[in-house]
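Number of protein chains: 2
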Amino acid sequence: MSNLIDLTHVMENEMPIFPGDDNFILKQDKFFDENKYNNFMLKTSMHVGTHLDSPMHMTKSTMTIDQYSIDKFCGKAIVLNVLGEDIIDYKEEYEKMIKNNDIVLFYTGFDKYFKAKEYFLKYPVITTNLAEFLISKNVKLVGFDTPSPDYYPFSIHKMLLSNNIFIIENLCNLNLLLNKTCEVFCFPLKIKADASLLRVVAKC
Amino acid sequence: MSNLIDLTHVMENEMPIFPGDDNFILKQDKFFDENKYNNFMLKTSMHVGTHLDSPMHMTKSTMTIDQYSIDKFCGKAIVLNVLGEDIIDYKEEYEKMIKNNDIVLFYTGFDKYFKAKEYFLKYPVITTNLAEFLISKNVKLVGFDTPSPDYYPFSIHKMLLSNNIFIIENLCNLNLLLNKTCEVFCFPLKIKADASLLRVVAKC
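Residue numbers (this note's numbering), protein chains in the order written: chain F, 1 to 204; chain Y, 1 to 204.
Looking at chain F on its own, in the form it has when it is part of the complex (with noise of 0.2 Å):
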């Protein structure tokens, strides 16, 4: 039998920001006692937590991401064990292992600081190289357990998402997906942004 992972950080008030961005405010604002109901009012980015970018976040297109066909957000994913790189480069190795149209994860074990504060100071990057190879690959779209690819000014970002390769970022427990023919699915919101906050699951 199939086993469902989640890969997903949870959302709350005191979740880590990329510095700079707004913070992520959930407030309940009607309470069982008092009006017979719950009810939370949400402030947020789209990205805030595990998120996706579409090409829309870093290019002049305008194509909101509630615009893509849904088959663009699962299918075969592989998980690269890029465990202690700090830059992440192209392998030989990889040309037998990615396909086109997988979804690409890298598993980097920096979930682990997701709420200290070298999570946005230091975490590990990949390389023009690498980023050219997925392109060559045309593979679907790319996941880390890091707050990004890259830093500023985002050459990675823009040269995956001007090719059509989403980003997401800021996932978790790719660590039990190693090793496993793994099934993805990133559906986000069908939202008029660039962006969205995401629920990601894995079937293995």
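Treat the hints with care, since some could be wrong.
[Stated by the list, open to error] With a Cα cut of at most 30 Å, we get these calculated DSBU-like pairs of lysine-lysine:
#1 K203/F <-> K27/Y
#2 K43/F <-> K91/F
#3 K36/F <-> K192/Y
#4 K72/F <-> K192/Y
#5 K60/Y <-> K72/F
#6 K27/F <-> K60/Y
#7 K36/F <-> K112/F
#8 K27/Y <-> K192/F
Read the hints as simulated data drawn from the structure, not as lab findings.
Fit chain Y to the known structure of chain F by using the hints.
Below, chain Y alone, put in the same frame as chain F:
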């Protein structure tokens, strides 16, 4: 080859809101031409558009939606064709159709009024008899292409939620699932709230 079908309304500023609830406000605050990236800020309740109510919404439960197992949010779905029924009652034929742990979706066709005034005023409801039957069958989750399975004081909501049956509201396109065997994915955000905005996808 299986086919993915999107059962979700678009989330945008003009979307209809349950009477009395706060508006959904999505506002672009960063622009590619000026800021080198796009960003949107969202202010919303979780009970807007296609969304999922957990028991905490209308019971004494304090268990937020992030705490439930993800197995709760996918599985085999049965679509009941109740087009044209203002009061949706128990039918004997449902005994054989519905099994333990099924996701049960009600096709009323009412999603065609989503942007019209009558959407919140004249939607069909389910009977206490039918709710009792769904509880006796121990279904996993129910979903409607209407704003709610009942009106104030929401006794059906309370029956279902107090029996740990989650409720999806404001679905669409359920006609595309009639007479098909489908798996439904309706993973909520991993958020510390009583409900979640939702992307719902069927694989048929």
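To see whether the hints hold, each was checked on the structure:
1. For the hint linking K203/F to K27/Y, the alpha-carbon distance of about 35 Å lies beyond 30 Å, and the restraint is violated.
2. With a C-alpha separation of about 41 Å, the suggested pair K43/F and K91/F falls outside the 30 Å cut-off, and the hint is violated.
3. A hinted pair counts as satisfied when its Cα atoms are at most 30 Å apart, and K36/F with K192/Y qualifies at roughly 19 Å.
4. For a cut-off of 30 Å, the pair hint linking K72/F to K192/Y stands: about 28 Å separates their Cα positions.
5. Using a Cα cut-off of 30 Å, the hinted pair K60/Y and K72/F is violated, with the two alpha carbons roughly 39 Å apart.
6. Proposed proximity of K27/F and K60/Y is supported: the alpha carbons are some 18 Å apart, at most 30 Å.
7. Among the hinted pairs, K36/F with K112/F is inconsistent with the structure: their alpha-carbon atoms are about 39 Å apart, more than 30 Å.
8. At roughly 10 Å between alpha-carbon atoms, K27/Y and K192/F fall within 30 Å of each other, so this suggested pair holds.
The structure shown violates the earlier hints numbered 1, 2, 5, 7.
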